[in-house]
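118 is the number of the first residue of the sequence shown in the working numbering; add one for each residue after it.
Think of the hints as simulated: they come from the structure by calculation, not from any bench. This structure is a prediction, so every number in the text was calculated from the model and none was measured. Worth double-checking, as some hints may not be accurate.
Stated by the list, open to error - List time: in silico SDA-like cross-link candidates among lysine to any residue, alpha-carbon distance up to 20 Å:
1. K196 to E161
2. K196 to G168
3. K196 to Q133
4. K196 to A165
5. K196 to E208
6. K196 to L167
7. K196 to E149
8. K196 to E152
9. K196 to P171
10. K196 to E172
11. K196 to V157
12. K196 to Q160
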Amino acid sequence: TAIARPERTTQVPREQATVILVMDVSGSMNAEDVEPTRLVAAQEAATAFLGDIPEGFRVGIVSFSQYAAVALPPTHDRKLAEDALLRLRAEGGTAMGDAIQLALDAAEEPEQFGAQPTPEPSPADEGEGESNRPPSVVLLLSDGFNTAGESDPVRAAQRAAELGVKVFTVALGTPTGFVDVIDDNGRLQRVQVPPDERTLQTVAEITDAQFFSALSGDELTSV
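All chains should be built: construct the whole structure from the sequences, respecting the hints.
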């Protein structure tokens with residue numbers, strides 16, 4: 118797919134490319150409008166997506182709810198990536214902007230796992246500066262509005278565009294999705310959690326990537 122094959126006009130070998138999966142694990146990902154839940158459907162789709170990524174590419178995972186965190190630094194080890202995806206749990210708010218910023222930083226990190234070192238640059242490649250960075254691409258799967266963190270998603274997307282990093286976005290869920298939460302008084306409340314398609318579409322447009330809407334598990338897998 119286009120997502121799995123980032124392109125850039127550069128002399129850096131394509132085998133050095135990095136794909137960062139950015140997974141929303143906020144509380145709204147427990148909604149069951151995408152069966153069995155939004156999070157489980159996202160985990161299954163992301164795991165399947167790993168098989169489409171060329172073996173030479175590194176894969177990293179960033180998760181975000183109230184805060185963004187690197188769940189797995191970039192690695193060639195697909196088993197580590199699968200295990201990291203399965204460990205994700207949904208709770209808290211949505212720090213989407215922080216997650217994009219962290220993904221951009223993580224993409225530049227050296228290999229920490231696996232046995233495939235980054236090749237040494239050839240003399241012809243030296244001195245190329247910013248344009249000689251290994252190409253990176255971000256796949257952001259989210260369902261909610263940005264409610265936490267310090268970074269605005271649009272500004273984070275602008276930084277990605279400046280770095281030449283495409284941020285593909287997937288909006289999970291339906292307009293009628295909901296979760297049941299306990300309020301401060303201990304009462305059960307039903308909260309509507311429609312996906313924020315507008316922001317996700319804007320992020321993709323700014324970075325010259327694509328936006329996808331997934332109303333079901335099948336649609337998510339087809340992305």
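In ascending order, which of the hints set out earlier in this document are inconsistent with the structure?
Violated hints: 5, 7, 8; rest satisfied.
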